[in-house]
Structure formats: C-alpha cells, structure tokens
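This is what each chain is made of:
There are 4 protein chains.
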Amino acid sequence: MAGNTFGQLFRVTTFGESHGGCVGCVVDGCPPNIEITEDEIQKEMDRRKPGQSEITSPRKEEDEIKILSGVFEGKTTGTPILMLAYNKDMRPEDYDHLKDVYRPSHADFTYEKKYGIRDFRGSGRASARETLARVAAGAIAKKYLKDKLGIEILSYVSRVGEIGSEIEMNSVAMKDIESNIIRCPDSDAAKKMIELVEKMRDEGDSIGGVITAVIKNVPAGLGEPVFDKLNADLGKAMLSINAVKGFEIGSGFEGAKIPGSKHNDEFIMKDGKIRTKTNNSGGVMGGISSGETIYFKVVFKSVSTIKKKQNSVSRDMEEVELEASGRHDPCVLPRAVPIVDAMAALTIMDHYLRHKAQNL
Amino acid sequence: MAGNTFGQLFRVTTFGESHGGCVGCVVDGCPPNIEITEDEIQKEMDRRKPGQSEITSPRKEEDEIKILSGVFEGKTTGTPILMLAYNKDMRPEDYDHLKDVYRPSHADFTYEKKYGIRDFRGSGRASARETLARVAAGAIAKKYLKDKLGIEILSYVSRVGEIGSEIEMNSVAMKDIESNIIRCPDSDAAKKMIELVEKMRDEGDSIGGVITAVIKNVPAGLGEPVFDKLNADLGKAMLSINAVKGFEIGSGFEGAKIPGSKHNDEFIMKDGKIRTKTNNSGGVMGGISSGETIYFKVVFKSVSTIKKKQNSVSRDMEEVELEASGRHDPCVLPRAVPIVDAMAALTIMDHYLRHKAQNL
Amino acid sequence: MAGNTFGQLFRVTTFGESHGGCVGCVVDGCPPNIEITEDEIQKEMDRRKPGQSEITSPRKEEDEIKILSGVFEGKTTGTPILMLAYNKDMRPEDYDHLKDVYRPSHADFTYEKKYGIRDFRGSGRASARETLARVAAGAIAKKYLKDKLGIEILSYVSRVGEIGSEIEMNSVAMKDIESNIIRCPDSDAAKKMIELVEKMRDEGDSIGGVITAVIKNVPAGLGEPVFDKLNADLGKAMLSINAVKGFEIGSGFEGAKIPGSKHNDEFIMKDGKIRTKTNNSGGVMGGISSGETIYFKVVFKSVSTIKKKQNSVSRDMEEVELEASGRHDPCVLPRAVPIVDAMAALTIMDHYLRHKAQNL
Amino acid sequence: MAGNTFGQLFRVTTFGESHGGCVGCVVDGCPPNIEITEDEIQKEMDRRKPGQSEITSPRKEEDEIKILSGVFEGKTTGTPILMLAYNKDMRPEDYDHLKDVYRPSHADFTYEKKYGIRDFRGSGRASARETLARVAAGAIAKKYLKDKLGIEILSYVSRVGEIGSEIEMNSVAMKDIESNIIRCPDSDAAKKMIELVEKMRDEGDSIGGVITAVIKNVPAGLGEPVFDKLNADLGKAMLSINAVKGFEIGSGFEGAKIPGSKHNDEFIMKDGKIRTKTNNSGGVMGGISSGETIYFKVVFKSVSTIKKKQNSVSRDMEEVELEASGRHDPCVLPRAVPIVDAMAALTIMDHYLRHKAQNL
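Protein chains in written order, with the working numbering: chain P, 6 to 365; chain L, 6 to 365; chain E, 6 to 365; chain A, 6 to 365.
In case anyone wonders, no lab produced these hints; they're calculated from the structure. Computed from a prediction, not measured in an experiment: that's the story for all the values here. Treat the hints loosely; a few may be bogus.
Result set (DSSO-like, lysine-lysine): computed pairs, CA atoms no more than 27 Å apart in a straight line [unchecked claim]:
(1) P:K312 / L:K267
(2) E:K104 / A:K267
(3) A:K313 / E:K267
(4) A:K361 / A:K153
(5) A:K153 / A:K197
(6) A:K196 / A:K313
(7) L:K148 / L:K48
(8) E:K314 / E:K204
(9) E:K278 / A:K313
(10) E:K93 / E:K65
(11) A:K221 / L:K361
(12) E:K262 / A:K312
(13) P:K93 / P:K71
(14) E:K262 / A:K314
(15) E:K221 / E:K282
(16) L:K278 / P:K313
(17) L:K262 / P:K314
(18) P:K148 / E:K361
(19) A:K267 / E:K197
(20) A:K312 / E:K275
(21) E:K151 / E:K278
(22) P:K361 / E:K153
(23) A:K180 / E:K267
(24) A:K48 / A:K80
(25) A:K221 / A:K278
(26) L:K153 / L:K361
(27) L:K204 / L:K314
(28) P:K93 / A:K93
(29) L:K197 / L:K180
So here's chain P without its partners, still in its complex pose (with noise of 0.2 Å):
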C-alpha cells in the first residue's frame, strides 16, 4: 500500500536506503521446491553492480546477496524469502553537503515534502541502490519461468542519446548483450553509445536512452481483462524503475499512424498452430497473451546526478550552486538492462500464478 511491495501472488516487498544498514527483499508466495543458490543470484546481481566497467559509476560495492531464509537445503519451502546486500564502502560524508538543498530532478524535495523527514545520504530510499533487490528477487522468478515454462526474456540497450541501433529483435541472444559494456548486441552501434558516454563522463555530463526487451515463448492466457492487461502491468513495472519516462508495447507510438486494415494482426495457422501472420500487437491482444513473442520499449532519462554546476533552491528557500561530488553512472542504460529483465520476469511470474490460481 506504502509503495513498496510488487505483484499480487509473487510478492516482492523491498526495503533499505542506500547508506542504511542493507538494501534488500523479502519474495512471499514463492512456489515451493525450486532449486536456487546464491550463486545463480549472484550472477544477476554483477550485471547490475556499480564499477562493473569505466563508463559506470566508480563505486565498489560487491552487492554480495544474502539468502537468509525461505531456503532449505538448496530449495524454496514456500516460505518468505528474505535476501539482502549489507551495505558496504558507505560515505555519508559525501552527502551532508545535501542535507538541506534540492538537486534538480533528484526525489529530494518530493520526499521531503511527503513525508516532512528524509533519509539524505545518497538519495536514501530514492537511490537506485533499491533496484538491486528487483534484480535478486527477479532472478528467482527468471530461473522458474525458463525452467517450468520455458520462457526467455532477453533486455538490451537499443539507443543511447541519439544513437539507435537497427538490430533485428528476434536474432539477439544473450551472448550478443553481453558482449560489451554498454550491452547494445548491435557491434557498431554499440561502439559509438560507449564513445557518446564517455563523452558525457568527461564533461561531467550524463545522457540517456532506450531498452528494448524481449520475451519469448510466454503462453497464451496470461494476463487479466480489464485493470490488469498484461501490458498494462508490464508498463507499470518498467515506469517504476529510476529515470524511466515512458513506454511503448508492440507497435507502439508509431502505430498510431498505421490504418487497422494494416496493423492488424492476422490470424494464421502454421506448425498446425493458431498464430499471426504480424506482431503489431507486441504479443498481447485485449490484455492477453496471444502466444506470440512480447516486446516492448523503456525509456530512461539522462541520469539527474551529473558534475556539473546546477542551480537550486535550499530548504531555507535560499538559492544556491550545486556542484555534485558522489561517484555517478554517465549513463544508467547499461546497468538498467538487468532491471528490465527483472521487472519483466516479475511480472510474468506473477501473472503465471495468477492466472494458475483462476483457470488451471
């Protein structure tokens, strides 16, 4: 109700502020009897933390997961699982410059004003140090839809700034994302993103981009007419994540100048199965999966945190000159690819159960 839990069925409730004691979840509603170790987690985990290459932030937190119950003998028992990351290589000093002062575009002075009391050491609960949790919690919800559906949901960096990439979707792979540090699976563009951040890190700058992420072989029948389309809640999971600003399904903003007589999408058969001839849909019609591959597109802002000098306003209502000294990512992009693909496995994981619940 606070904001702070995530899903229905699958519960992710997460907790921590950036320079508090640990930053975690506890995931209620699990199924019993998966097979997880903090090993498999871990995993997840690097591709999402600080100082993993030269255009993230300079940070050395390890963001070791801890697994600390709902975990018996190397499988879930259907019990809370609570997993957190103490927190590590902490300099409050860093911030007390921001006690009383509003940086631009941060949550700040929203914080501030909701709750009259703020937590200011590196952005407190506002930090994106939170998304480590979506990322652990995500990778249990990942390893059950591969392992019982067969599901796969591959996230990469489609544009940074200006820069796009013309990849076809359906051939990237894993190995392709993972293949450098800005996780572009397009080679060339991916050069000129990383060039395009590096750039802005040296002006103390940052910029910002687009995820696309896609997802495979997701069954036909999840997801709840009305309030809860499937696209409707994959949508919310993304635009919560730090910095996004917008997101398309499918066709998407462009498909709006396209007549019906040619987005629709029609029916076939093919394999002896009911499939459609296009995607325009994006894998979900009236809510629902159809069965075809879902794909969809993040937006993220340039990151707020940036060296350069900002105006602003104290909370004396004085204004003053900001000049940022904390240890920031030029580009968020990178290090949100494992989030979208967390947030996605949230979502199709709880509407799996969900919809177990109602029909199977």
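Dock chains L, E and A against the given chain P, drawing on the hints supplied.
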C-alpha cells in the same frame, strides 16, 4: 486479483459484458458526504457515448447511468456505490457469425485461450463498453478532486494518424476541447483530423492517434515509492484502456536525447514558493508529485474492428475470410478523451487517499 | 479496503442498503466453466429469507436473485459475476422516527461517528439484509467445492439461549437440519428451542444462540501460514456476520483445560492413510487443514431490535424512550445457518485458489 | 497473499524460520516522524523471550532486535522498516530425529502436505519464534497509539487450565500484570496458576488457558463494515497466533443466553458525552468502535510439544514412538501476553489508518 478492480483505497470494480444485462461498477472507499447526482455523472457519460457525432459509432446507446446504492439524500455515505447502465439497443444476432472465429487484434482468441469459454456477443467483457463504468466512477473522483483540492484534469486529442497539433498545453481550456467533435483544441488541426477520420470511415478502415493529458494543481507529495510511483500508476491506468499501446510522461521518448545538464529541472524561487524552472519531469520527481503541472501522452492504435475484408482462422483451425458488420468507430480518440480523464482522476484520487492515510 | 470485500482470489464485494435500490455482490476471480443457474442460488436464498416461518421476521421480502453478468449460456466465464436482489416491500416511513436517535447495540451511533452521515432506513448498510449477497456468492462457492472437491458444508443450530443439543456432529445430514424451522437436527432440542423463541417473540424480546459448522472432505494443505491460517480466516468470516460475538474451533475454550498429553491428536494409520486418532484440533494444524473434519462454533448474541421499551439518546444528546415498530426476528439463528454455510464456503474456496496458485 | 502479511495500510510481513539465519519483519506504511529506538522495542521483546523465568522454556535466546532500515536519526521516515533478530543458541541436531516423523498437533504433517517440503528444524516457519517479529512491529504501533491517541492496551492471563481469576478488568494496571511470572494481575490466582504450570512442567506435560485483553480510549469510528469489522479483524489477529483455538468479544459465548432487552447497551449521557450504560458489546457496535472499552478473550490450547511419550506416524507411514527432547514451555500463556498486546496494537493501528484515509 482477477483484474477487474482499480485502485487501492478508492477502489473501482467494474462488471458487465457489452450484450449482457448491464455494465457498471462498484466504487468502494469513497469518502462520505460528497454531493453527487446522476445528472453530474451523466454529463461525463455523454462525452463517451456512441452516436454523439458523425465520426463515432452510429450505435444508439444512451448509457443512462443509475446509482443504486451508497448515495443517500444526494450525498455519498462512505458505503459502496453501485452504478450501472442497463444494456439496450443490443443486436446479439450481429455477432452470431463471430461465434467460432477469431477477429484479428481482438481479444477473441486470447480470452478463449485463457478461460476456455467466451461471451462472443460484441466482444463480451473485452468490449470498450466496459469503459463507461470507468467514466462513471471517474466522475465522482473528478468532482472530489476539483472541489476539495482544486485539481483540474484536461485531456485532448493531440494527434490523429500523422496529423499533429501544435497547441501549447498550458493554454488549453475545457471549452476549447469541447468546441469540435474530434476534441482537439487546435481548431486548424482539428479540421484536418476530422477529414482524416471521415476518410477512414468511408473506406471502412480505422486510424489511431495520441491523447495528451494535463493535470493542474496536484499538491506536492502524491505518489508512493518505489513500485507505486505516481507516473507508474498513471502509466498502468492508461495502458489498461483498450487499444492503448504506449505512454510517456514529461519529456518522454525525446527526453532521452537531452543531456542531464539541460534536462534537469532546476529549482527556483517564484512568488515565494519553491518551483522548477523547467518541467521536463512532467510534474513527478522520484515517483512523487512535485507540485508542477503533470502532463503525459497516451497512444491509441487504430481500432481493430474494420469493415474491410480480413483473413483469419476459426476455432476449428480453418482459414476464413471475415467482414465486420457491427457499428463501430473509425477512430476512438474523441470518445477516449473522457476515459483518459476518468483514469487520471481515479489514479490521483487513490494516491491522495493513500497519502492521507500515512502522512496527513 | 473499506471492508466490503471478502477473499483474496475468490473476491466477493457486497453493496446495497436495506432500503436503497438493491442489495447484491460482485464475485470476481470465479473460475470459468462452472455451471450455475439463478434457481440453484435461489434455493440458498430461500433458506435465509425473512417470512419463511412463524419464528422469523414477518417481512415479505422475496429476495429474488438476478445474475446480470459473468454467466453466459449457463456457465461462468471467469469475468465478474454481478448478482443482486432489488428491494421491495420497503416501508421507509417505518424508520422516520429513528432518524435522530441511536438504537441500543445497533450500528446507528457508530456509523454516524465514523462517516458523519448514515442511511437510517432499516439500518441502511448495517442491515442484516446485506447477508443475502453473501449467501448468493456462497452458493457458487459451495457448488464448486462440492462438485470439484467433494467438500460438504453443514451448519446447524446447536444452542438457543440456555437450550443446548446433544447431537453428535458426524451423524448430522442436511435433511435433518431442514426438518424443522429452527434448523437444529436434534428434534427434541429443536422443539424446546422453538418454544423459547416463540416466547421471546410474544414478549417482544429476543434471544441468541450457537451455530455449529461441520466441513467434511477438505483436503490437507489448505490455509496459509502465518497470519492467514485457515482457522483465523474462518474465524474472521464468522465474526463478520452481524451479531456474532465469538468463535471457537476444535476443542475451543474447553480444550484449554486439557493437558497436552491428552489434547494432542496422535497420528495413526487408517485404511492406508495417515489420520489422527482424535480431532481436538478441529481439522486444522498449524493453520493448515489436516484432512480431518473441520468443525467450529459461532455464537450469536440476541437480536438488538426488540419491541420492548428501551432508553436511549438522540443526536441532540437528549435522553429518549424508544419502541421498535419494524418487523424483526426474535432469534436470528435459523436464518443465520445458510449465512454460516456461505461464509465457510467462501473461506474454503478462497484458500483453495490460494493454495492452487502457489502449490499445485 | 501467502499469509505472511498482516494489515492493509500498516503492513507487517514476517519472515524467518526458527533455525535459519534470522526471524524478523518488514513494516510498511508506518507514518513518518515517529521517534523509536531499538531499546524501546527490546523492552517488549524481553517480555516474550524464552528463559525469562522458571516456568518458561530454558532456551537462552536473547532475541536482540536490530533495526536495519526505515529509521533515520531516531525517527521513522515513512519507508519500510526492517527489523530482525539473528538466530543464536541453535541446536539443529536436536531436531534430526524429527526429520521423518510428524509430531502430534504440530504443523509438521500439514506443511509437508501443503508444500511437499519442510524445514524440520525446530518447527521451521511454524515455530512460535515467528511471533517475535510481531512483537517488534507491535511495539511501534503501540507507541504511536499511546502517544498520538492515548490508547492503552493491557492483556493478562485470566485462566490457566481450570484455574480462573476473579479480577475486575477495569482495575488492572500494567504493573500488576508484570508483578508475577504468569502475568495474572490477581495475585492469589497467579500463585495457583504458577503451581499448576510447575506441576505440568515436572510431569513433562503442558497446559492451556485464557488471555483477556482490554483496550482503553479507542475513539469511536474505527472498524470497517461489513467484512472487516473491528471485532472480526481482532478475532483474526488473535486466531493467527500459534495455539489459539477461540476468541470472544464482549459478552461472548455467555451473552447468547441473555435476552436482548437485558443484553442491549442503552445509550446514556455521562459527563456531557454519549456513552452506554452497560458494555456487553465489548466496545464494538456494528463492527465499529463505540468509544467504550474494548475487551475480549483469547483461548490457547496446551502446548503440543511435551516430554511424555506419544505415538505417531513417520513419512514412510510407519507407526513410531516419540519423545520430545527440545527445550519447551509447559504453558505459553505468560509469553503470549505481549503477543496478544502486539496483535491488538497492529489491528487498531491498521484500522486507524484505514479510517483516516477515508474519513478524516
């Protein structure tokens, strides 16, 4: 849980199929002592109803709203409000030919995959007729927000097909929106949009577009970290509307191209208040309203129901040819405007109550 | 959230006041393809309706149930089921004298304190008439449980005032319960109970009692640790019925006197199955069904509405004398039996779906 | 949904097994700016911890509570509060012999039936150790209720086995409750109760009893019709505590014997306020608090874990003989008092926020 309820505290549960007994909703959690009449609600209903102009469906549904509980002597009592419109002018025989065939890009196929059964008359539960219940519930929320908090919600058509409008959002007033049948306050663009829709109608085709929503006077502090960010819940609300394929808030997809140093909304003092110089954030920072105007765009695909011949497949996996015979809209945009209004109102209302519970 | 919804997955939201337009419910999350008719539901309704015998309220409400959505060609479709009974035989003028006065032990005072407004006609929302909606929803759950899982629910009156019944619960059949107007399968006790109720009716007074519920064939595994134990949710379900003041499961209040060595239910092998020798647990261990018969007791206080003179206080804080003029039950027990059945069915049904979602 | 969360707005999710890494909870939805320290919470923890007297389990758990998030500079921030106690003094080897056998009246059998897997060390998730998390969360609620609303919660042991206490509930003060190790404010009865428990302990047996709870100064208006009546939610809260088999509020089971004319609580004027002459309702009318003192009774069965020999069955369906070797309580009542306090506090707190959201 089965997807028919919107909101956590101001909870709207809709029910009804397009050719069953009625369509309506239960509103639970509505504050008591709000003055409300069927007439006030009917005004919003009339903006959505079919047959309101030559570019909407010629169906003659009056969509007459009835309040059957929860209102006593003209005031809400705090108990559940049942509102419904009985179905009239039904021609279920229009749909007999659809009993065993899946219309392209409709919910026919996916509902059947999900439930193993579907009410095939007029799309059943997946019919856009369901949205009349949202408009009814939204009318109550809209009134509360206006009267108690001074919040104003204005949505309008800003693009149809390729035809965009150049109007400045802050200058738009309700009377401008209602001044023409396409509900675009830019009268020059409106004329071209209407022509395009008429062309589509005459060709038996359909076209999509974009609705821009503007919400003024939302106090700072609404929205819940971390999953139920105000933008995430607005996004979900919009993506739950039939035919919506995308959502962007503030600078949206274009904003990703702008470096942080230019994109950040610097705080300034203005008229003794802390404000932002720009509003690329779209009125939401860190998922919480900042007090600036909230604005976002919602993209609708072209309507799936067209009169042109299409290919499809039957339940028996036979390939068939399909020709629509119902009475449908060539473009849903003008009738979708009050739905966007309603979903925005429901989202803000719910977040206001949530904020109040924890903070006020 | 505002308390009008029961269940997590099989969700029943009731609405309506006793003298408004109607009373009814929306059932959301019902599995598709259950065959159900208005007639089947009406049978349960008739067990609850007033005027069914000389010891119930002489009101002539027919409580005719209508299904307005969610059922197509005689089967549930998985979409929300709207059921309602329009209010007839209303005599709102009977309640004019209650507009400004608080009846002892009624909800008049507390509703007004809570909401600042109340529908004073016939207790409004607090009327026991609301329970007809529960019975309608319960009828669907009951059918599903019986047909799919072989679960049988039997409730009966086991005490009225001081008059108890000595019947052995395992021997009770539905026909015994329905064999007399007090719904006590022990015919000797029934006779005395009826006499007592008649005496109370003639004196313009009222009396309470106990209903025992027996649920057979519940499979082991239903119920959720730790807060949503099956016994906790059954208890809540029962305590939510008007006039209920207590609940005990298994050995209940008396069981606390028995040492653990005698109270513990030892496991034994029986017919090739793991069973327990005794069943002091009442069919639930650690909050989860054990496969043994579930049984519990529900106590109802004497009805608050009586014809005898009473003292009270008006809204203006004046002391007043009060004489009831409505048509009321001297003892709610016989009409409460189907309500206990219904709430038990709704609880088991919901827990079955919850169990299925995570485990099956 | 999987039963590990209590409350709608003040949401407590507990996690942890008795012999895993830790036991604790996340409290979400807590109002900001409440001053709270680990020491204050520890005081409540100490009332529940084992080894506190010669009549409780001799286990030496310190149950040292740690706050790891959501509190900043001594105040709640409105974000999730993570609290936990690391498990120490674990002797998992004590439980090896229970790996393949089901203890009578424990959750061993039912957990395995439900999940197909169970953590057999010390009852795992079903251990009463889970309740330490409730006490921690309850301590925050208790403080808020006391400081903001003046609400006082007092629970005490009113019966052990056959030994009851005659004390008048309105005269009970916290110091009386804490004046002896059984937590019965009636010192004569307390002496006899302690003797009985010692006898049971010495015989390797166990015994149950009743806790009475008294809640003073709850404002009128808390509780939600119709399913979430305050008494229904209090009942559920209590029935969710391990070993609880029954609940009654106000006049309870005995009240059913009193005719309405005597049972009804007449309204009177007292000190310029509307009050009731009697309080058979137990402080709740129509499911909503009346402003009178709330009181109810909770019955606990005798503890299932005893040292006496018992018969049981193994996973392989072999009949076995069982002798407990762990360190257990002969009577849970004294340690359950703070748990009843905590669950009462959580229920009232949650309903206060719910009331505030819709009405204040």
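Okay, the hints, checked on the actual structure:
A C-alpha spacing of about 13 Å is found between K312 (chain P) and K267 (chain L), which places the hinted pair at or below 27 Å, so the restraint holds. Taking the CA atoms of K104 (chain E) and K267 (chain A), the gap is near 24 Å; set against the 27 Å cutoff, the hint holds. Between K313 (chain A) and K267 (chain E), the direct Cα distance comes to roughly 10 Å. Compliance with the 27 Å bound is thereby established for this hinted pair. Distance check on the hinted pair: K361 (chain A) and K153 (chain A) sit about 13 Å apart at the alpha-carbon level, within 27 Å; holds.
A threshold of 27 Å between alpha carbons decides the hint, and for K153 (chain A) with K197 (chain A) the separation of about 39 Å lies outside it, so the pair is violated. Taking the CA atoms of K196 (chain A) and K313 (chain A), the gap is about 25 Å. The hint holds against a cut of 27 Å. As the CA atoms of K148 (chain L) and K48 (chain L) are separated by approximately 12 Å, the hinted pair is consistent with the 27 Å bound. A threshold of 27 Å between alpha carbons decides the hint, and for K314 (chain E) with K204 (chain E) the separation of about 17 Å falls inside it, so the pair holds.
For the hint pairing K278 (chain E) with K313 (chain A), the CA-to-CA distance comes to about 25 Å; that is within 27 Å, so the pair holds. Of the pairs offered as hints, the one joining K93 (chain E) and K65 (chain E) holds, with about 9 Å between alpha carbons and a cut-off of 27 Å not exceeded. For the given pair, K221 (chain A) sits about 25 Å from K361 (chain L) by alpha-carbon distance, which is consistent with the 27 Å threshold. Note on K262 (chain E) and K312 (chain A): the hinted pairing holds, with a Cα-Cα distance of about 18 Å set against a maximum of 27 Å.
Taking the CA atoms of K93 (chain P) and K71 (chain P), the gap is about 14 Å. The hint holds against a cut of 27 Å. Restraint check for K262 (chain E) and K314 (chain A): satisfied, since their Cα atoms lie roughly 20 Å apart, inside the 27 Å limit. Between K221 (chain E) and K282 (chain E), the direct Cα distance comes to roughly 16 Å. Compliance with the 27 Å bound is thereby established for this hinted pair. With a CA separation close to 25 Å, the supplied pair K278 (chain L) and K313 (chain P) stays within the 27 Å bound.
Between the alpha carbons of K262 (chain L) and K314 (chain P) the distance comes to roughly 20 Å, so the proposed pair stays at or under 27 Å and holds. Of the supplied pair hints, the one linking K148 (chain P) and K361 (chain E) holds, its CA atoms being roughly 20 Å apart against a limit of 27 Å. A C-alpha spacing of about 21 Å is found between K267 (chain A) and K197 (chain E), which places the hinted pair at or below 27 Å, so the restraint holds. Of the supplied pair hints, the one linking K312 (chain A) and K275 (chain E) holds, its CA atoms being roughly 26 Å apart against a limit of 27 Å.
Distance check on the hinted pair: K151 (chain E) and K278 (chain E) sit about 22 Å apart at the alpha-carbon level, within 27 Å; holds. For the suggested pair K361 (chain P) and K153 (chain E), the alpha carbons sit about 16 Å apart, so the restraint of at most 27 Å is met. Taken as a hint, the K180 (chain A) and K267 (chain E) pair is broken in the structure, with Cα atoms around 35 Å apart against an allowance of 27 Å. Distance restraint check for K48 (chain A) and K80 (chain A): the Cα-Cα separation of roughly 18 Å lies within the 27 Å cut-off, and the hinted pair is therefore satisfied.
In summary, the hint linking K221 (chain A) to K278 (chain A) is supported, as the alpha carbons are separated by about 16 Å, within the 27 Å threshold. Between K153 (chain L) and K361 (chain L) the alpha-carbon distance is near 13 Å, which keeps this suggested pair within the 27 Å criterion. Pair hint K204 (chain L) plus K314 (chain L) holds up; C-alpha atoms about 17 Å apart against a cutoff of 27 Å. Distance restraint check for K93 (chain P) and K93 (chain A): the Cα-Cα separation of roughly 24 Å lies within the 27 Å cut-off, and the hinted pair is therefore satisfied.
Using a Cα cut-off of 27 Å, the hinted pair K197 (chain L) and K180 (chain L) holds, with the two alpha carbons roughly 19 Å apart.
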